[in-house]
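Quick mapping for you: the protein sequence lines, in order, are chains A and B. Take the first sequence: its position 16, counted from the start at 1, is 16 in the working numbering, and no numbers get skipped. Counting the second sequence from 1 gives a position; the working numbering is that position plus 100.
One or more hints might be untrue.
Per the computed footprint, the stretches of chain A lying under chain B, defined by three or more beta-carbons under 8 Å from a beta-carbon of chain B, are [said to hold, decoys possible]:
#, segment
1, 16-27
2, 32-38
3, 54-62
Source of the hints: derived by calculation from the structure; they are not laboratory data. Yeah, the Cβ is synthetic: ideal placement off N, Cα and C, and Gly gets one too.
Take a look at the letters that make up each chain.
Protein chains: 2
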Amino acid sequence: EMPPKPARLGLCAACHGEHGMAQIPGAPNLAGQRLDYLREALRQYRDGRRNVALMKAAIGPISDEELDQLARWYSAQTPVAPRP
Amino acid sequence: EMPPKPARLGLCAACHGEHGMAQIPGAPNLAGQRLDYLREALRQYRDGRRNVALMKAAIGPISDEELDQLARWYSAQTPVAPRP
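Produce the entire structure from the sequences given, and follow the hints as far as they go.
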């Protein structure tokens, strides 16, 4: 079952794609990533434990609930095979 | 074309799986991840810019060439859909 589309998805999607396939070099694919990993990574970026200025700025002062919605969205996406 | 299996794959595989699907909570899937992202993440772990003691210990004093082999291996794997 696909989770509801998070309200804050647009900013994430600029680099990670709406469906979790990266749009730019340097950004990771997120589609199908483990939910626990995504949730913890987002918290670490927000709290500065994972020190990436771009991600801290992009995430901002987001609530745990909003982080959870984003993690659930991307974890639920299906990875797309790269073009040959 | 599948890259050759890296000599150091065994230690990575204990958590990330031989084919890049995580074996334990907290470890990310790596299958099909972008090559540039994996390569840079490994360098950051090795050099301490991404400060995760377990990963620094696991990677050790590895050469750029060995890092590249590991990144190529995992990037070339195909993600497996989760069990329903």
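Problem set entry | Contradicted hints - numbers only | The structure conflicts with hint 3 only, although it agrees with all the remaining ones.
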